[in-house]
Structure formats: structure tokens, C-alpha cells
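There are 2 protein chains.
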Amino acid sequence: MKRYEALADEIAASILSGVLRTGDRLPSVRQTSAARTISASTVFKAYYLLEARGLIRARERSGYFVAADPAPRPQPLEASSQPDTQSIAVTVGERVFSILRATMKRDVVPLGSAFPSPSLFPLQRLARVMASTVQKLDPRASVDYLDQGNVPLRRQIALRYLIDGLPVHADEIVITNGAMEALNLCLAAVTQPGDAVVIESPTFYAALQALERRGLQAIEVPTHPREGIELSALAAVLERHRPRACWLMTNFQNPLGSLMPDAKKRELVELLARHETPMIEDDVYAELYFGERRPVPAKAYDRHGLVMHCSSFSKCLAPGYRIGWAAPGRFAQKVARLKLGASLTASVPAEATLCAYLEKAGYDKHLRQLRLVLSTQRDAMLGAIARHFPPGTRATRPDGGYFLWVELGPGIDAIDIHHKALALGITVAPGPIFSLRGDFGHCLRLNYGHPWDARMEAALATLGSLVAAAT
Amino acid sequence: MKRYEALADEIAASILSGVLRTGDRLPSVRQTSAARTISASTVFKAYYLLEARGLIRARERSGYFVAADPAPRPQPLEASSQPDTQSIAVTVGERVFSILRATMKRDVVPLGSAFPSPSLFPLQRLARVMASTVQKLDPRASVDYLDQGNVPLRRQIALRYLIDGLPVHADEIVITNGAMEALNLCLAAVTQPGDAVVIESPTFYAALQALERRGLQAIEVPTHPREGIELSALAAVLERHRPRACWLMTNFQNPLGSLMPDAKKRELVELLARHETPMIEDDVYAELYFGERRPVPAKAYDRHGLVMHCSSFSKCLAPGYRIGWAAPGRFAQKVARLKLGASLTASVPAEATLCAYLEKAGYDKHLRQLRLVLSTQRDAMLGAIARHFPPGTRATRPDGGYFLWVELGPGIDAIDIHHKALALGITVAPGPIFSLRGDFGHCLRLNYGHPWDARMEAALATLGSLVAAAT
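From first to last, the protein sequence lines are chains A and B. Per the working numbering, the very first residue in the first sequence carries number 5; after that it's consecutive. Per the working numbering, the very first residue in the second sequence carries number 5; after that it's consecutive.
Some clues are possibly wrong.
Copies of the same chain look alike in the list, so a pair counts if it fits in one copy or across any two.
To be verified - Here are the simulated BS3-like pairs of lysine-lysine, each with C-alpha atoms no more than 30 Å apart in a straight line: (1) Lys140 to Lys109; (2) Lys49 to Lys6; (3) Lys140 to Lys49; (4) Lys369 to Lys140; (5) Lys338 to Lys109; (6) Lys424 to Lys338; (7) Lys268 to Lys6; (8) Lys140 to Lys364; (9) Lys268 to Lys49; (10) Lys338 to Lys268; (11) Lys338 to Lys364; (12) Lys268 to Lys109; (13) Lys6 to Lys364; (14) Lys268 to Lys140; (15) Lys364 to Lys424; (16) Lys424 to Lys109; (17) Lys369 to Lys6; (18) Lys338 to Lys6.
Just so you know, the hints here were simulated from the structure itself, not pulled from any lab data.
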């Protein structure tokens with residue numbers, strides 16, 4: 005633990021135990037710095053962290069004070085979704101595109117964005133690694149790794165699987181243009197147009213779009229906001245519909261933020277194995293855990309090569325480099341060939357750069373900082389929701405990733421909130437874009453992957469008043 | 005024209021006019037350098053060029069001599085192919101993959117390769133541009149250009165269209181992971197599984213694979229070795245089969261090297277417009293022309309937005325960077341959305357680097373050198389075929405690109421030649437992989453995109469003797 009984190013924790017304990025009370029003034033940065041012989045910047049960082057957690061507030065020119073309600077939180081979401089589990093052809097409306105387009109503007113508050121802030125990533129460091137890497141690159145590298153991508157990078161990825169106890173060999177790994185391409189290729193490897201595929205409810209809209217492009221049917225299965233897809237419902241669907249594949253996110257699901265417990269993952273994999281059903285596992289957020297250790301993917305329990313694990317560096321290290329991968333189990337060769345046909349290789353300079361970065365072992369240090377920032381921002385956003393949204397609002401409290409799912413009071417129209425918020429320069433991701441039939445009309449996905457500041461707090465206050473007005 | 009090129013041309017003229025005769029010894033490099041007050045390296049370059057053109061030969065320790073037959077050439081190919089023009093489901097056999105895998109090894113003579121030598125490209129210069137570009141890159145660039153790719157790069161590409169008189173707006177251009185992805189996306193934009201698509205005969209095997217992946221039927225149309233697809237045959241197929249699209253290469257077709265004349269391109273576009281049939285134009289070799297000017301694509305004559313033009317920087321500037329694009333006419337928005345769903349964006353550092361390189365205007369200088377090298381190597385390979393292959397061998401003499409198509413005597417099995425050559429460390433691309441039904445059993449595609457040296461000459465001699473033995 006860093007010095008400033010230790011200091012923040014110590015002060016937090018004093019507040020939570022009642023030693024420091026609402027309205028108490030904290031010692032100034034200069035006093036604390038002198039008293040403890042630590043640098044002023046360490047004290048600043050600790051105070052910033054406490055502020056982001058909602059425990060203290062800064063008042064202009066008068067210092068820091070213990071906040072009124074040190075840890076307000078919205079009510080948790082407890083109930084699983086209840087989608088219609090009939091198979092249905094996927095048609096994603098125009099609305100998704102117009103909503104996505106709105107979130108791409110630079111000048112909006114990006115609560116509806118699918119991306120975390122680029123400021124969270126070591127882009128300058130990566131640029132320096134790239135500068136030195138490409139200038140040493142063997143010209144033949146441009147056509148060397150046509151098979152499944154840069155071999156040393158695949159070894160680095162295999163090494164990270166190994167740390168989690170997954171014996172994924174570098175030969176199984178296919179480097180792709182980001183996880184999106186990996187997911188598409190895995191889907192193409194195990195389905196034909198017209199086949200049915202199981203998805204979570206709610207599910208990431210890009211999965212819906214991928215199913216639509218391939219002409220697939222989809223079956224939405226009830227999903228618990230903390231623990232992921234309901235296995236009894238899934239078992240019934242497997243019996244009744246004989247779907248050709250499942251597309252699931254076991255770790256920090258988008259949009260719920262749910263994390264499937266290990267025992268449930270094992271059960272899931274065994275259930276699918278009994279039905280010989282391949283599973284496409286979208287696992288792009290696993291590195292962004294807030295707990296003690298990285299959650300293993302469902303693939304960890306796979307003994308039949310049925311789990312096709314997909315991930316990338318886009319959400320945890322290098323957005324824009326477009327380097328992802330699939331570890332497609334028994335379908336590896338098929339996916340490798342589909343990759344060759346789809347776009348040959350990933351970008352060679354990007355592959356080589358990420359490989360060099362991983363070899364130098366700065367990755368874990370970066371990840372520790374990133375997780376701390378994201379978990380702090382999660383708490384800040386939950387605090388703001390509790391302060392600004394009307395009673396009855398529920399929200400998930402994810403243990404990783406950068407999305408949370410908010411359920412507004414019944415009858416509130418999330419699409420309407422989206423339009424009104426957009427007019428005020430704030431984006432949100434309304435619930436209906438995460439389902440086949442426009443369910444979740446009173447839900448929002450909010451992104452806490454951007455720095456918590458006064459603008460963000462104000463945006464949450466604005467959203468809260470829009471919701472209150474609609475109640 | 006460079007000094008060494010002028011010198012080479014002057015000596016070539018003396019040889020061809022008979023002033024210098026077979027066996028005559030050329031002045032030594034030192035003599036020529038002193039007599040003309042030019043550097044020895046300039047003289048060396050001129051002699052190398054003459055040697056590559058087959059006009060002179062070096063004899064160890066005794067200097068350069070006028071070659072026996074200054075410009076031998078194989079007989080040209082004159083007749084169009086005569087494929088079965090029935091529509092057929094596409095099934096690409098395992099053989100293509102095993103042949104492709106063989107060409108990827110580093111230690112073989114890569115006559116069967118689909119790629120030119122990496123040594124032909126300014127990879128060091130690009131690496132320096134990349135080093136300075138990525139270190140200045142705005143972090144927000146990583147998520148800025150989700151729509152259709154880096155905007156300034158799209159403007160640079162639009163500028164190059166403009167030079168050829170094509171008013172392609174940057175808004176029409178969709179940046180992709182190489183031309184392969186662009187071609188796939190265009191195909192997906194205008195076809196559904198089961199549709200029929202027109203292709204050339206022979207055609208690039210990657211087109212066959214793309215059609216197979218999408219579950220399409222294909223119709224092979226007779227194609228002339230110099231002038232491309234036969235319009236009368238195409239017209240009949242359009243009437244009879246109502247195909248949903250055409251996938252054609254008008255400039256330096258792979259594998260023939262054919263170049264469709266401008267008037268024929270205009271006629272082609274008008275014919276397709278009458279049938280409302282979209283054309284996917286694979287134009288990755290256009291920059292590698294040996295004539296006076298870059299040939300325009302068929303898209304230049306398109307007034308209905310039906311031509312979807314696809315190209316890339318992989319074959320003319322930056323192999324491995326994986327930056328290509330589509331200018332899909334009226335289908336631009338559809339292709340842009342398919343691109344977003346397929347893999348979001350291309351690699352952001354690669355896009356920014358190519359943009360910076362193009363802005364600095366070193367591109368045309370590089371291209372001039374590249375064209376000179378390739379045309380010289382084409383002549384050297386044609387000379388070697390004439391010297392080493394049995395009489396009756398025919399070959400195309402492309403005016404661009406880096407492939408030529410060789411027709412061996414009747415009854416010679418190109419697949420057999422492939423296996424025997426591979427055992428001797430030489431790859432070739434046998435004719436049958438370029439067709440649906442395994443036609444072109446006595447043809448080879450040879451790649452002249454690698455430096456012409458003694459190893460290459462020896463490989464051609466070996467191939468020639470394998471063919472002679474099989475005759």
C-alpha cells in the first residue's frame with residue numbers, strides 16, 4: 005500500500021469510528037505534512053482520495069471538513085431480470101447508433117460512454133516503448149507472424165494465464181484487432197446464420213449487433229445483478245432451444261457490473277459441457293478488479309475446450325492500439341483461419357510495442373494504480389447517486405470494471421432522461437439499448453471511468469433532478 | 005531520372021543497337037567512374053540495374069560482360085481463360101492453407117509468396133515518423149475517430165484520389181485493418197449468404213476464401229491475361245444469373261497482372277450500372293505501375309455510387325501496419341457501421357504515423373524507386389524464364405504489381421512442380437488455388453517482388469529444369 009493510501013485509510017477509520025465527526029475540520033495539508041514528516045503532495049493525494057470517497061469535503065479557502073453523510077449509498081439491486089426467453093431474430097434499431105454517436109463527442113460529460121478516460125493509461129510510456137521498439141524491428145516482422153500473431157506477445161499473454169492457473173499455451177492464442185474482432189471470429193467459428201445464441205439480460209449492445217450481422221437468433225436469459233446469468237433458467241433454455249452457443253461475461257459484466265462467483269462458474273461450464281455448447285467468454289474487464297485477486301474466467305474450469313476466451317489490452321492498458329486476442333480452445337485453428345481471412349494480422353508495431361511493455365514488467369504497477377482510481381471513482385459515483393437521486397433509486401456496486409447499473413423508480417423513461425440529459429451536455433446509456441425487446445426502460449448504465457471532479461458531481465446532480473422531475 | 009538510371013539506359017542503348025556485342029567486356033567500375041567523374045557507387049548501381057535486366061553478366065574477378073542474349077523473353081499469354089460459368093458454392097480446400105503455410109517460411113525462395121520483400125519499403129523512415137508521432141499524440145485520439153477512422157488520414161487519401169481526378173470525399177472513406185478487411189466489409193454490405201458473386205478466372209484465392217466464409221455462390225468469368233475480365237461473357241452472366249455483386253481487380257490483377265484499359269473500365273462500369281450490380285474493386289497494386297501514370301480505378305467512371313473501391317498501404321508503403329480503406333460509394337454508411345462492429349477502429353498509432361508520413365510528402369519519391377526496382381525485377385524474371393524454361397512456356401508481362409502468370413506446356417502438373425520445388429527450398433503458387441474447380445493445373449504465379457540475385461536466378465533455373473523434366 006502507498007503512503008497516501010495508508011494515511012487516507014487511517015483518517016477514514018477515524019471518521020467511520022466516530023473519532024472525527026460531521027463538520028469537523030481536518031488539519032491543514034501543511035500541518036499534517038509537518039507533523040508526520042511526509043510530503044505535502046502525499047497529504048494532498050490522501051485528502052483527494054477521501055474526498056472522492058465522499059468522506060470529506062473541501063470548502064474554498066477554509067480547508068477540509070468531514071462530510072455530512074460519510075458514505076451514502078443507493079439501495080442495492082437484488083432481483084434478477086425476467087426477460088422473455090423465446091428465441092428471436094436480432095434487429096438492432098437506429099436508436100443505438102444515434103445514442104452511441106452522441107457519446108462520442110468530446111464536450112459532453114461521458115456518463116454514457118463505453119470507454120474509460122484515456123488519461124488513466126500510460127500512453128506516454130507506451131509511446132516511448134513504441135519509439136524504441138519499432139526502430140529496432142526486423143523488417144521481416146511485417147510478414148513473419150501471419151499465422152496467429154506475434155509469437156513473443158502470445159507467450160506474454162500465456163504467462164498471464166499461467167499466473168491464474170490456466171494452462172493456455174501460446175499456440176492456442178490468436179491475436180486480433182481488439183476483443184471485438186476476437187468475439188466476432190469466435191461467433192463465426194461456432195455458428196451459422198439462423199442458429200440461436202444465448203445472451204445475458206441485459207447484455208452489451210455490441211453483442212446484439214454482432215448477432216444481428218451474422219443473422220442469428222438470440223435468447224435472453226435472466227441475469228442476477230451481482231452474480232450473473234441464472235443457471236436454472238439457462239439449463240431450461242439449453243433443454244428447450246438447443247442453442248448453438250452462449251455469449252457471456254462472467255467478470256464485471258457490461259452493463260450490470262456483475263461478477264459470477266467461482267463455484268457458479270464451475271457449474272456453468274459443467275452445464276454447458278453436458279450440452280456440448282460452446283461458450284464465448286467476453287472477459288475484457290477482468291484486470292480491473294477491486295478485490296484481493298484477479299477473478300479467474302470460466303475458462304479456468306473448462307476441460308473440454310468449449311470455452312472460447314476473448315480479451316484485449318484496450319480497457320486496461322492501451323486504448324487505440326487495437327490489440328486483443330482469443331484463446332478459443334478446441335476451435336483455435338478455425339479461429340486462426342478466420343482471422344487470416346478477416347484481416348490477416350493485427351498491426352505489427354502495436355503488437356511488438358505491447359510485447360516489449362509487458363516484458364519490462366511495468367504492467368502490474370500500472371494496473372494497481374488503475375484499480376485504485378476506478379474503485380475510488382465508483383464510490384464517488386455511488387455517493388453522488390445517493391445524494392442526488394430520488395429515494396427508490398437502486399444501483400449495483402460492482403467489484404470491478406467501470407460501469408454501474410441504475411434502476412430508477414417505476415414508470416421513469418430512461419430514453420426520455422437520455423434526451424433531456426443530452427440537451428444539457430450529459431450522456432447516459434439508457435437501458436433499452438441493452439436488450440432485444442427494449443426492456444429496462446427505467447434503467448441507466450453509468451460510466452465511472454472518468455476523473456471525479458466538480459463537473460462530474462454537477463452532472464450527477466443534474467441527472468438526479470431530471471429523474472426527480474420525472475418521478 | 006537518377007544519374008545511375010541515365011548511365012544504365014545509355015549502356016543499354018549501346019547493347020541493343022549493336023555498338024556493344026555479346027561477350028564484350030564493359031569498362032571497369034573504376035575506369036567508368038574516373039572517365040565520367042561520377043562516383044563508383046553510381047556506376048555500381050547502373051551495372052546492377054543492367055544485370056538485373058539481363059543485359060550484362062558479372063564474371064567473378066574479371067568484370068562485366070554483355071550477356072549472350074540481351075533480352076530474351078518467354079512467349080506472351082494471349083488467350084482468355086474459359087471457365088465453367090455456372091454458379092457454384094465456394095469450398096476452398098485444405099490444400100490452399102498448406103501451400104500458403106509453406107510460403108511463409110523465412111528460408112525458402114519466396115516465388116510463391118503473396119508479399120513483396122520487406123526490404124523494398126522505408127520501414128526505418130516510418131519507424132522514425134512513428135516515434136515522433138506517437139509521443140505527440142493527444143490521448144483522446146485513442147477514442148476520437150471511432151466513426152470511420154483518423155480524419156486527417158482520410159483527407160490525405162482523398163487528396164490522392166483527387167490527383168487522379170476522382171472526387172472522393174474524406175467522408176466516404178472508411179479506414180480498415182488492411183484491404184482484406186475493407187473487401188470483407190464491402191462484400192458483407194451488399195450480399196446475403198446464398199447470393200451469387202462474379203469473380204475473375206483465375207482469381208486471387210483470398211477472394212474465394214472470403215466468398216466461402218460468407219456462404220456465397222461464385223461465378224467465374226473468362227478473363228484476358230492482359231486486359232482483364234471479358235465484358236461480353238460478363239454481360240451474359242449478368243443476364244442469366246443476376247449476381248448480387250462483382251469482385252474484380254482492374255489494375256494489375258492478382259494472379260495475372262492484367263491491366264484493364266480505360267475505355268474498357270468505362271464500359272464495365274456502365275454495364276454494371278445497367279444491371280444495378282455493385283462492384284467491389286480490389287485495387288491494392290495501382291501505385292505499383294511501370295507506365296507513365298497511375299492507372300485510374302473503374303471507380304473513376306462510376307456515376308451511381310455502385311463501385312466500392314478498396315485499397316491499402318500494405319503493398320506500396322507500410323507492410324504490417326495494417327492500414328487499408330474502402331471508398332464504398334452509396335454503401336459508405338453501411339460499411340462504416342459494419343467496420344465499427346467488426347473491430348471498432350484500425351490501430352491508432354499506425355493511422356497517425358501514415359498520416360504524418362503522407363503529409364511530409366516523401367511518399368512519391370519512395371514510390372518512384374519502388375516502381376523502378378519492381379519493373380527491373382520483372383524483366384530479370386522474364387529473362388530467366390526465357391533462358392531456363394522449356395520452349396512453349398508462356399508468361400504475362402505485367403505493367404505493374406509484382407506477380408506474373410506462367411503457363412507451362414500442356415499436361416504439366418503445377419501442383420507436382422510445387423511439391424518438388426518445395427523439397428528444394430523454393431515456393432511457387434500453383435494455378436489450381438486460383439480457381440473454384442481446380443483449373444489452371446499447368447499454370448504458376450511467380451512473385452518478382454524480391455531482390456534479384458544469384459539465388460533467385462538459380463531458383464528459376466531449378467524450376468525450369470523441374471518443368472523440363474516433367475515435359
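Checking against the hints above, which ones are violated? 7, 9, 11, 12, 14, 15, 18
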